[in-house]
Amino acid sequence: MKNEKQLRTFKVFAIKEGTVIDHIPAGQALKIIQILKLYSHDHIVTTGLNFPSKTLGKKDIVKVENRELTQDEANKLAILAPTATINIIRNFELAKKFLVEIPKQLSKVIFCPNPKCITNHENMHTLFYTKKEKVGLKLQCHYCEKIFSQNDIKEYCV
Amino acid sequence: MATNLKGRDIISIKELSKEEILAILKNAYDLKKSPKPKLLDGYVMGSCFFEPSTRTRLSFETAMQRLGGRVVGFADPSVTSSKKGETLYDGMKIIGQYVDAIAMRHPLDGSARRAAEATDKPILNGGDGANQHPTQTLLDLFTIKECQKKLEGLDIAMVGDLKYGRTTHSLAQALTHFGARLYFVAPDSLQMPSYICDELAEKKIKFSLHSKIEEVINKVDILYMTRIQGERFADPMEYEKIKNVFVLNAKMLEKSRANMKVLHPLPRVGEIETNVDTTKHAYYFEQAENGLYARQALLAMVLGKIK
Numbered sequence: 001m002k003n004e005k006q007l008r009t010f011k012v013f014a015i016k017e018g019t020v021i022d023h024i025p026a027g028q029a030l031k032i033i034q035i036l037k038l039y040s041h042d043h044i045v046t047t048g049l050n051f052p053s054k055t056l057g058k059k060d061i062v063k064v065e066n067r068e069l070t071q072d073e074a075n076k077l078a079i080l081a082p083t084a085t086i087n088i089i090r091n092f093e094l095a096k097k098f099l100v101e102i103p104k105q106l107s108k109v110i111f112c113p114n115p116k117c118i119t120n121h122e123n124m125h126t127l128f129y130t131k132k133e134k135v136g137l138k139l140q141c142h143y144c145e146k147i148f149s150q151n152d153i154k155e156y157c158v
Numbered sequence: 001m002a003t004n005l006k007g008r009d010i011i012s013i014k015e016l017s018k019e020e021i022l023a024i025l026k027n028a029y030d031l032k033k034s035p036k037p038k039l040l041d042g043y044v045m046g047s048c049f050f051e052p053s054t055r056t057r058l059s060f061e062t063a064m065q066r067l068g069g070r071v072v073g074f075a076d077p078s079v080t081s082s083k084k085g086e087t088l089y090d091g092m093k094i095i096g097q098y099v100d101a102i103a104m105r106h107p108l109d110g111s112a113r114r115a116a117e118a119t120d121k122p123i124l125n126g127g128d129g130a131n132q133h134p135t136q137t138l139l140d141l142f143t144i145k146e147c148q149k150k151l152e153g154l155d156i157a158m159v160g161d162l163k164y165g166r167t168t169h170s171l172a173q174a175l176t177h178f179g180a181r182l183y184f185v186a187p188d189s190l191q192m193p194s195y196i197c198d199e200l201a202e203k204k205i206k207f208s209l210h211s212k213i214e215e216v217i218n219k220v221d222i223l224y225m226t227r228i229q230g231e232r233f234a235d236p237m238e239y240e241k242i243k244n245v246f247v248l249n250a251k252m253l254e255k256s257r258a259n260m261k262v263l264h265p266l267p268r269v270g271e272i273e274t275n276v277d278t279t280k281h282a283y284y285f286e287q288a289e290n291g292l293y294a295r296q297a298l299l300a301m302v303l304g305k306i307k
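Chains as they are written, first to last, in this note's numbering: chain A, 1 to 158; chain F, 1 to 307.
Just chain A, same shape as in the assembly:
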């Protein structure tokens, strides 16, 4: 009879090659799949929601087989999942581990929440400048110059 800990390994099985995105705030995994366009990935993508986490309380996990995420790709998750850790797996071993970094600029990642911003009226890319605050992040739209907090962001470019 396997104990509970061993059973856990069957719930989220190890991958041979690819990326494990861990420590995603609970509820954000599906959005991450959209942002990284993992729905059109040719190989297996496993998603787990609401795992217990010491630091986050609850967390989501996404495992992507046969694709190694780059730092730039990971940084696209800065708004949704600033706590995420990226684990690159090669031959079942952890080859590299890195954190999401908040980039100075976010291009083509989020839509501007200001309905009167030109970016919501023309077929064009968005661009935001980020500024770390004591708690969270401020985002300034390059076009309308309005400043937003992370919570104001409702839509992501997918």
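Don't read these hints as lab results, they were simulated from the structure. It should be emphasised that the depicted structure is a prediction, and the values quoted were computed from it without experimental measurement. Ideal Cβ placement from N, Cα and C applies to all residues, glycine included. Be careful, since some hints might not be right.
[Stated by the list, open to error] Between beta-carbon pairs, the in silico distance windows are:
{"hint": "1", "chain 1": "F", "residue 1": "K83", "chain 2": "A", "residue 2": "Q105", "range": "32 to 42 angstroms"}
{"hint": "2", "chain 1": "A", "residue 1": "H125", "chain 2": "F", "residue 2": "K212", "range": "38 to 48 angstroms"}
{"hint": "3", "chain 1": "F", "residue 1": "G270", "chain 2": "A", "residue 2": "Q105", "range": "40 to 50 angstroms"}
{"hint": "4", "chain 1": "F", "residue 1": "T54", "chain 2": "A", "residue 2": "N151", "range": "35 to 45 angstroms"}
Assemble the complex: chain A is given as a structure, and chain F must be docked to it using the hints.
Below, chain F without anything else, positioned relative to chain A:
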């Protein structure tokens, strides 16, 4: 330090350095004193006004013509291809091929910056939605300097709708270069937004919030009035209650500083009573006239005819 604005877009006041602002004001002063009717001979300005404007459009167009340049354009977007669904980007790219510089106003925030991506010709932003209106700020600074003989270390009050009024936001940001002491007088619901206050605090600019003109009127060199729009209030009763609190009349000016001047970006509706017009403090009509010289200076500078 020499400044060179040749080919530059003037989109946001924050992109102009103190030296550049001072150079624009100096050129505006020179052009007011000694007109140069041939300076822009042979140049054409596109005047692209996608929403109504009286002062801004006419002063841009007059500025160009009084410097010897020509103007093409429109004051009503329904006569353009934007009505057929053409994007702003395409429209401005094409207009940019015809003219040497473009003065524009558009109802959407960020439209001027988008237009600047479409063309290499300098874009002069005459108002992009609720965002920026840098030429208004430049003419405000020019007027303050003209009537106070200096820009540094002045006591300046801004009154009215400070939440939505883009002119007061840009002016407050520009005044951070000149060490002003700022007083913000507004109903609680229309006070200066926190991101502007944070910016001022970061730059160590002293400011305070007030709810009555009387609290500050005798302490300032400039009283910058703005209009409170009824439609900003969800509850019309609330508007009725406060609208008369932010009205200036001649009697209130009796104990103000001798050098104190009242400014207003205009149009005024009821917030400055007409009995103020004949006092020595009224300076808003001169301010409106100065728009001409500030815009002349900008046009001549972005077209590389003066530095």
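Exercise. Is the gap between the beta carbons of H125 of chain A and K212 of chain F within 38 to 48 angstroms?
Worked result: holds, 47 angstroms
Problem set entry | Satisfaction of the hinted span 35 to 45 angstroms by the C-beta atoms belonging to T54 of chain F and N151 of chain A | 40 angstroms Cβ-Cβ, so the 35 to 45 angstroms window holds.
Problem set entry | Cβ separation of K83 of chain F and Q105 of chain A, checked against the hinted range 32 to 42 angstroms | Holds - the Cβ-Cβ distance for K83 of chain F and Q105 of chain A, about 35 angstroms, lies within 32 to 42 angstroms.
Exercise. Would you say the C-beta atoms of G270 of chain F and Q105 of chain A sit inside 40 to 50 angstroms of each other?
Worked result: Holds - the Cβ-Cβ distance for G270 of chain F and Q105 of chain A, about 45 angstroms, lies within 40 to 50 angstroms.
Checked against the numbered hints given earlier, this structure breaks none of them.
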